[in-house]
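All chains should be built: construct the whole structure from the sequences, respecting the hints.
Under this note's numbering, the letters of the sequence shown match residues 1 to 459, in that order.
Simulated from the structure, these hints should not be mistaken for laboratory data.
Derived pair list, reagent style EDC-like, types lysine to aspartate or glutamate, alpha-carbon separation capped at 20 Å: (1) K186 x D197; (2) K455 x D429; (3) K283 x D316; (4) K186 x E406; (5) K283 x E214; (6) K445 x D429; (7) K218 x D85; (8) K186 x D404.
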Amino acid sequence: GEYAAMVQAQELRQAVRNKLENDSADTSDGDEGDVNELIAKELKEQALDLKATTQQTTNSGKYSSSGGTGIASGKKPKSLEESSDMYLMLRLLRQYRGSMKAAIPGTFLALIDGAAMPCFALVFARALVVLSSNDINEIKRKTDLYANLFLVFSFVGGLAMFGRIGLFHIAGENTTRQIRHDLFVKFMTFESGYYDDEAHGTGALTSRLATDAEDFNKIIGSVVSTFVSTFSTIVTALAIAFVYDWHIALLMMACWPIQCYSQYWQARATWGSSIRLRAAYEKSGQSAAETIRNIRTVATLRREETFIRIFDEMNDVPHAGNMRSSLFSSIGFGFAMACNMFVNALVFFAGCRFIINGWIDVQQLMNSLMATMFASMAIGMLAQVLPMLSKGAVASRGIFETLDRESAINGIDSTGSEAKSFEGNVTFDNIKFSYPIRPDTKILKGISFEAIMGKSVAL
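The structure is reproduced here in structure tokens:
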């Protein structure tokens, strides 16, 4: 524990001092410069050895969260520096798959929801052709049939969408709760030196605890469900298009690279800004937390305006980044929508030429055209969730920066040997101590006392 670390640091200082005395007769006890230099060097070497030992022990076992959602690490995972944000996001999905049981029926309903739209388009195309007929009796008979089919589609599509959204959001909330729990448990195990770093202040950590898990929640609740539904829509639309006219289907597939590039361009425009904005918001949140925590001191010194100005200046950077990101994202979204309209126009033009050449009739064109139009609309819907994908991937890196870190002093780890019996009498003799991160600042300067069991000692 922490007391053992203090004792080890004291023993190390004494060992280095003895080494200096043995190596040189001119070295005195007051020569603290050489002592501190050697102590810092020795501590660094021991820290590296401890880190290597800890990593070896961790990789040989199993990393698991308290909810039992961990993954076996028989295959050593990539380091954070070697891993892409997308890899970390998939790793997080795999690690917390136990909290996503509600997504299994949600996936089935998402497939139904995605297939419902092309099927509706097929019925709608047939209804349009029927309305162009000159036979009133046929129009009345078939419009009643198609109206009933539309009613069926409304119930099936509504229930499928309700179940898809609800179940995926339930899975996302369960996963978010588990991630927040694991992050907080990790924070409780870190040594005090971890919190001395400005990047690990109260504001930054609470902001990470709140936003990172929520950003990943959107991956499950919105992005994954939309991807599954879109996949079902595209496959169903392609099947309908190939059945009625393979020319139209091939033409639509030839236009997919343009549509996919438009989605990629939008995602690339928002991906890099998400990383920079996350760090900037953590910094401003840290400043706000420190100011509020010390509000009495701030008010006593009459420095409210100063800290307000500092907070506003810190928010200027992410504000400007959001403005640029919004501009590029809107351009990408507009380009994606324009590509969809371009594909629809091209398919309609080509279909008209096919009718003129006698290759297909109007019914075949309408069936294929409506199916391809709904497929293009489904691809366009991906543009709405791509910003969530970039934020969730960046949040995954922040989550693993905490979960993968091993604490130098784990206060809640129950492994190791335990004493069978012991007495509470403790004797301190000429104790000198300074923290490893501040070796020049002496906390204890040769203190000696005896603590008797059942008695209190005032220092």
